[in-house]
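> For reference, the chains in residue letters:
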Amino acid sequence: MKLIVAVIKPFKLEEVRQALTQIGVQGLMVSEVKGYGRQSGHTEIYRGAEYVVNFVPKIKIEMVVPDDRVDAILETISTAARTGKIGDGKIFVASVEQAVRVRTDERDEDAL
Amino acid sequence: MKLIVAVIKPFKLEEVRQALTQIGVQGLMVSEVKGYGRQSGHTEIYRGAEYVVNFVPKIKIEMVVPDDRVDAILETISTAARTGKIGDGKIFVASVEQAVRVRTDERDEDAL
Amino acid sequence: MKLIVAVIKPFKLEEVRQALTQIGVQGLMVSEVKGYGRQSGHTEIYRGAEYVVNFVPKIKIEMVVPDDRVDAILETISTAARTGKIGDGKIFVASVEQAVRVRTDERDEDAL
Amino acid sequence: MKTKSLVALLALAALAADPALAQETAEAAAPVAEAVPTHSVFILNTLLFLIGGFLVMWMAAGFCMLEAGLVRSKNVAMQCTKNIALFSIASIGYFLVGFNLMYPGDGWSIDGMLGAFMPTSLEPVGLTDADGNFTGPGDITYASVGSDFFFQLMFCAATASIVSGALAERIKLWPFLIFTFVLTCIIYPIQASWKWGAGWLNPSDDTGFMATTFGAEFLDFAGSTVVHSVGGWAALAGALILGPRLGKYAGGKVNVMPGSNLPLATLGTFILWLGWFGFNGGSQLAMGSLGDVADVSRIFTNTNAAAAGGVMAAIFLTQLLYGKVDLTMALNGALAGLVSITAEPLTPSIGLATAIGAVGGVIVVFTVPMLDKLKIDDVVGAIPVHLFAGIWGTIAVVLSNGDAGIAAQLFSIAVVGVFVFGVSLVLWAFLHMTIGIRVEEEEEMAGLDSAELGLEAYPEFGKGSQFV
Amino acid sequence: MKTKSLVALLALAALAADPALAQETAEAAAPVAEAVPTHSVFILNTLLFLIGGFLVMWMAAGFCMLEAGLVRSKNVAMQCTKNIALFSIASIGYFLVGFNLMYPGDGWSIDGMLGAFMPTSLEPVGLTDADGNFTGPGDITYASVGSDFFFQLMFCAATASIVSGALAERIKLWPFLIFTFVLTCIIYPIQASWKWGAGWLNPSDDTGFMATTFGAEFLDFAGSTVVHSVGGWAALAGALILGPRLGKYAGGKVNVMPGSNLPLATLGTFILWLGWFGFNGGSQLAMGSLGDVADVSRIFTNTNAAAAGGVMAAIFLTQLLYGKVDLTMALNGALAGLVSITAEPLTPSIGLATAIGAVGGVIVVFTVPMLDKLKIDDVVGAIPVHLFAGIWGTIAVVLSNGDAGIAAQLFSIAVVGVFVFGVSLVLWAFLHMTIGIRVEEEEEMAGLDSAELGLEAYPEFGKGSQFV
Amino acid sequence: MKTKSLVALLALAALAADPALAQETAEAAAPVAEAVPTHSVFILNTLLFLIGGFLVMWMAAGFCMLEAGLVRSKNVAMQCTKNIALFSIASIGYFLVGFNLMYPGDGWSIDGMLGAFMPTSLEPVGLTDADGNFTGPGDITYASVGSDFFFQLMFCAATASIVSGALAERIKLWPFLIFTFVLTCIIYPIQASWKWGAGWLNPSDDTGFMATTFGAEFLDFAGSTVVHSVGGWAALAGALILGPRLGKYAGGKVNVMPGSNLPLATLGTFILWLGWFGFNGGSQLAMGSLGDVADVSRIFTNTNAAAAGGVMAAIFLTQLLYGKVDLTMALNGALAGLVSITAEPLTPSIGLATAIGAVGGVIVVFTVPMLDKLKIDDVVGAIPVHLFAGIWGTIAVVLSNGDAGIAAQLFSIAVVGVFVFGVSLVLWAFLHMTIGIRVEEEEEMAGLDSAELGLEAYPEFGKGSQFV
Ligand SMILES: Nc1ncnc2c1ncn2[C@@H]1O[C@H](COP(=O)(O)OP(=O)(O)O)[C@@H](O)[C@H]1O
Ligand SMILES: Nc1ncnc2c1ncn2[C@@H]1O[C@H](COP(=O)(O)OP(=O)(O)O)[C@@H](O)[C@H]1O
Ligand SMILES: Nc1ncnc2c1ncn2[C@@H]1O[C@H](COP(=O)(O)OP(=O)(O)O)[C@@H](O)[C@H]1O
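Chains as they are written, first to last, in full-length UniProt numbering: chain G, 1 to 112; chain F, 1 to 112; chain V, 1 to 112; chain A, 1 to 468; chain L, 1 to 468; chain E, 1 to 468.
Hints may be right or wrong, so weigh each one.
Stated by the list, open to error - If the Cβ cut is set under 8 Å, some of the chain L residues that face chain F in the computed set are:
#1 Glu123
#2 Val254
#3 Val256
#4 Pro258
#5 Tyr322
#6 Lys324
#7 Asp326
#8 Thr328
#9 Met329
#10 Val368
#11 Pro369
What the hints assert, rightly or not - Calculated cross-link-like contacts (lysine-lysine; reagent style DSBU-like; alpha-carbon spacing at most 30 Å):
#12 G:Lys85 x L:Lys253
#13 E:Lys324 x G:Lys85
#14 A:Lys324 x V:Lys85
#15 F:Lys85 x L:Lys324
#16 V:Lys85 x E:Lys253
If you are wondering where the hints come from, they were derived from the structure by calculation, not from laboratory data. Note that beta-carbon positions come from the ideal geometry of N, C-alpha and C, so glycine has one too.
Just need the whole structure built from these sequences, with the hints factored in.
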């Protein structure tokens, strides 16, 4: 099983969720993060003082999926989240060793 | 060392924390997430327009623990978080290679 | 590639970000978490009832970096985030197998 | 321009120094210049009711913000819904039944006990002709019926607001609204008629039961008992039948459930504080004479002093007891101070008013945890503030008002308490056994907002993720 | 003290029982005691404007909080900016041009159609000498120019506030402010002059067009049409040219974009409710006679009743239609009730006022989704509340006011609508084609706060991470 | 009903056209109908104080919300605590000592310099008998003592509110409250007595120091200097001793610490704006004559105009300077406009009032960053708004008031400044060296809410995780 972590632009969340649902992803979790990256660093003025806006609001999506679904999912997220402009985000994949569904105590791929 | 990630119903947080404390877990971090899963998808009406509530508030708990504690912890969380109703959540386990305690610069299992 | 997860005191965020920028880290994401650890457990009184403050506000920083940068980064975060007082936080390192830059579909180390 | 006061004083001093002159001026001026014309009296009294009324109306917003700030965020939208709905229901119920039940005039159904049943009708449009002469029917020595109704309605609504806070986070919307309807139509007006409608607790002559038994009428200027404790009793009955929030007393401990938005609660307190000037000041019921308006001024000052006393008492006491100041206690302290002075805001000196309010603040600090010990779950502290401080305030009348008798006060507190608590208990129990008053466990866990309203008070997650 | 009402009643009854005595008292008292002196009338009328004015000014805060609560958090600071700026612009524009355009007196540029162009000047300081004798110029039978201007200005500002809510979350700041300036300087005052400036919809004699054509003047007491529908028409024109928010109707569905802070929206509604007593009550324009002040009291009561009716209608209806109460509809219902009674808050009975308000609440519940079906994106429900309920309220005048004629009402609604909608449409289109009225897509996605203001309404992340 | 104004005008015109008739009517009406009876004057003046007083009291909520919105969320509950506590302390302190120190009448301890030391006592209950005849002691040509005290108290409390904003986020609760007590008991009343208590800056005859030296008294209608700059000076002294927030100027830069809740700050500004009508309007101190009430109207209008001017100046200027509008500057601009007009809200024309306010807005935009350059950390902009705009407003009196002299104004500004800044500096330094005024570094980092109060303003995390 793999954990896929995608950090995307907030307003792309709904589109990405729909695209993932269409290819059969049934579970994920979403959190609010602030991203620091190439997009960061523009200057604003607040009460006459300049400051650099380093952190940009982003949405992080995490889902654990069977190994064979990874490529399709990467493809789907990448397409749905792309605007072509800087700050579109990243997707990372890591290994997961175990999974448990709390309600039933099912394990591993059954738990996804 | 393993990273255990559990996503549970918000009102179960306190119970899970207590159960974990009792079996000796001394550190963890908690974040607010929105979950998408089987529980999602009921319809609401807001100002006369229907909409589907896809995301349900959940709590994510993350902790890094020595390998030999994993089973006990999975068991504990699973029991404490269970209501038997849909949406109880999931637990995932992944490998962690290094750990550092910032205060003392202790490493790995000493850092947990 | 490695995923580095650091949980630090909130007011250390800016210092840590600057230190990381200086050693060339170009991307990361930040989220708000509540930490439970040795620092937890002091008692407060609210409307005449005692309660234990278990969760302390913390900031979680996550970044994916090439393998060879890990040590320098651990060192940098650890130094910048340290106050020497209890609750300074932890840093964890895990393996990442793939990375994608959404905007360009670049892969792996190119994507970081 | 601020020195006018001085100038006037000096002018007066000058007059005083030359009595002849003063006399002369006074004589010349007196006939036309001193008397306040009847119509002006009517206008000024009416104006007092209108100003007082809108200030007390504003308290509805105060209760709403206070409660919205002190519940957990998953129940905030519901608390707002209940508050705007209860105010609306009170407006309708008091019009349909309440006002004439409370002020039956000569139309008592049971003399001194049960008023008249009919909707309120206002006097006709245009009571005066183009020259300002009175042409309409009715009483022109008091104030317009419309203003009187408007003012009194707001008191009725305030009573209902008290209940909503105590029962928050677990009561179903509709049963709560049904209770509110009965409270504002029937319960509140009946007991209020006993005192303010000139019923048996306050007959217009000296041969009544109170006078003969206790040698004193029941005195409650603006309603420490008639309004606040009534809300408190109804809330207490409800809290008992409804039970505490899930987990509140789990594990034999008092589990703290902090309010979600303290600046909102603070705002609510300031709103209530402001509105209270109308509540107490308007209860003078007249400002068409020099004496009345000076009395209204005393009332404003004392009302403010009592609130300040309540705040400072709560602040000092929480610092002493817990080593830290508790903001929510300070807020409750302000309100307890206000409730405490409500039964007699006119006769105390500023110092006494401050002290009476301070005792209110002390009461709150001690009784909030006491209720918790009794496992009575009052989310916002409504019972300590409105019931306990209300009782204290009603007793404190004897400290400054020579007409008050302790026995008459205690008896009346008890009478109102037994009636309101009793009827409320029966009504809550009836609702409980029929349609049920409490949401399902799972709904309570998820929060009333999503369970009963299908929305969230603060719905955002991932700023801007809501469809672009 | 609450029994005074009773005592007075009894006193009156006693007098009535002895007609001779009553007669005598009345006769004796009449000459000096009954008449309200001219100066007092002036003072009381002025006071009504001042109190009414500050209450209506407070509505600016109400609109701001309502809108700040109903937009998404990424646009909240911008909504606050727009609301404080539009109020300021209205204050300046109405002074520079608006007031004299609206109340030209004898100075019409085109008789009954177009008023006078000149800034407002107040009467001089100190209209009376030390003895209180009138020394200044002008009219002392009405009220001070300053109070009149102050009161009327607030109506103008309220009109502009209505627009900002409907067009929220996508309109650029400066074009919006330019529109506001024209609206408050020109559009609002011109049409208001037709009615309230004694223009062609309301000439001072019976030979005017309205009287000869319809047999009735246009009646709009406090502005269901003259204020509220005007704001609504301007908003509708803007919404049409501006288009819906990105994604609002994407995929052929109505995509819900929930308001970010419902307690704030509730607070805004309560503020507006309170302010409305000034809005409608002050529009009596006089309280220097017994009849006037009694009328103001009726107005307060009816205004409150209509709001209550609107709330309860929306609550019942959403429960019936959707199985759940919708708080935002209840809030809109309160406002729709208030708008509905605004054209005639004086003549209805309390019951009728409640019903008129309730119909307003029903209108809102049905027309909010209707607009969505037409893909007209009105963020806060301003068009249903102010335009649709405003039309209803203007028609409802005929239910209780015998002087009103349905034809005259409909004609006037149409005239005002055509004028305001037409001019607004042209102006919005002009702004659209020149400087552009809509932010870039990406700015809209990021939110106007960061794009146009460079800040955030709720900027915190990681509590306390902002530099220690 | 809105055309009444017109009708009245026409009626007047008709009268004017037939002088004989006008004369006749006037003659007939004059004796009874024109004069405002003494008692009515007293009632109306008192009413002005009561209305003005509750409006200014409401400013306490405005300051609280403004400050709660402009601090970081970890300090919000503390800011609320300080604001409700300081208002309470002012209420008690001004009663115990302040009022008689400020208005000693004939009881100066040191003539014209130091007033009387004794608590305030109100006039007795019921100054008139049943027929409305005056029976009580005292002065009936002015207003009731209670109303006067109530009104003046609010000014004292406002002064204290100014300080709390500037020193937010780092000052300890108790030392702040001690300072507040001294400020409201001693510092504010003493300097206020010099002007408003008819002390040496404003003696009642023309032989005083000011008249002989400068040929003019110090003129400060509602307190640009006497209230606002006093708060500003006390804040400045505190800010200097206290030092900036940790990290504010770290690394030689100005590190931005954005306010946590801008809609709350906006609400606070609207509240203050509303309250200011009471602040300035009530300072007319009379509305019992036609001239006074017309003056109050002028004041309302000008006060509003100045606020509008301040907003628009700040909006235009931030757009010009920074390319983006800054909402927080617009809010500060409104307040600076209000402070600027406070020294003379009566005599300017609307246009001039707008301009005076606009200069206030400009001052704020330039001095907020200037203070930062000086490393003086004023969290909410209190010093620019209240001190700098207060000085400007005091000078601007000469623009429209012929009685004012620039030298007298500057001298008085300096005198008040030296006194208040000096005494405050000593007091802050004393507190600093004894009990300490600043929280520990770690406490400041964690936020005062958790460190000093042990709670959080917005405690929720994981909606609904608080024990079910
Ligand atoms: N190495 C990284 N590890 C974790 N998150 C990253 C990393 N690099 C970028 N991100 C996240 O991706 C977001 C987009 O990255 P950015 O550099 O702004 O744009 P782009 O990838 O389009 O060049 C950032 O805001 C940050 O949240
Ligand atoms: N594959 C997954 N990856 C990550 N999180 C998941 C996954 N599946 C479910 N979740 C999380 O678990 C929660 C519960 O899942 P759900 O399907 O609703 O209930 P259940 O597991 O009881 O059938 C979801 O809300 C989501 O947050
Ligand atoms: N095993 C762990 N897994 C995940 N997070 C941890 C773990 N232990 C500690 N933490 C996080 O680190 C923070 C600091 O830990 P704490 O024990 O308070 O201090 P210290 O490490 O200085 O002794 C905690 O608040 C928690 O968020």
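> Are the hints correct? Go through all of them and say.
So, going through the hints one by one against the coordinates:
Violation of the interface hint for L:Glu123 is found here, the shortest Cβ-Cβ separation to chain F being roughly 48 Å, above the 8 Å cut-off. Interface restraint check: L:Val254 against chain F, minimum CB-CB distance 4 Å, threshold 8 Å, status holds. Proximity of L:Val256 to chain F holds as hinted, the smallest CB-CB distance being about 4 Å (cut-off 8 Å). Against a cut-off of 8 Å between C-beta atoms, the interface hint on L:Pro258 holds, since the closest Cβ of chain F lies about 6 Å away.
The criterion of a C-beta within 8 Å of any C-beta in chain F is met by L:Tyr322, whose closest approach is roughly 4 Å, and the hint holds. For L:Lys324, the interface hint holds, the least distance from its beta-carbon to any beta-carbon of chain F being 7 Å, beneath 8 Å. Hint status for L:Asp326 relative to chain F: holds, with the closest Cβ pair at about 6 Å, below 8 Å. Checking L:Thr328 against chain F by beta carbon gives a least distance of about 6 Å; that is within 8 Å, so the hint holds.
Because the smallest distance between the Cβ of L:Met329 and any Cβ of chain F comes to about 6 Å, under 8 Å, the interface hint for this residue holds. Taken as an interface hint, L:Val368 checks out: its beta carbon lies about 5 Å from the nearest beta carbon of chain F, inside 8 Å. Contact between L:Pro369 and chain F, as hinted, is supported at the beta carbon level, the nearest pair being about 3 Å apart and thus within 8 Å. Note on G:Lys85 and L:Lys253: the hinted pairing holds, with a Cα-Cα distance of about 27 Å set against a maximum of 30 Å.
Using a Cα cut-off of 30 Å, the hinted pair E:Lys324 and G:Lys85 holds, with the two alpha carbons roughly 24 Å apart. For the hint pairing A:Lys324 with V:Lys85, the CA-to-CA distance comes to about 24 Å; that is within 30 Å, so the pair holds. Pair hint F:Lys85 plus L:Lys324 holds up; C-alpha atoms about 24 Å apart against a cutoff of 30 Å. Between the alpha carbons of V:Lys85 and E:Lys253 the distance comes to roughly 27 Å, so the proposed pair stays at or under 30 Å and holds.
Of the numbered hints stated above, the single one contradicted by the structure is hint 1.
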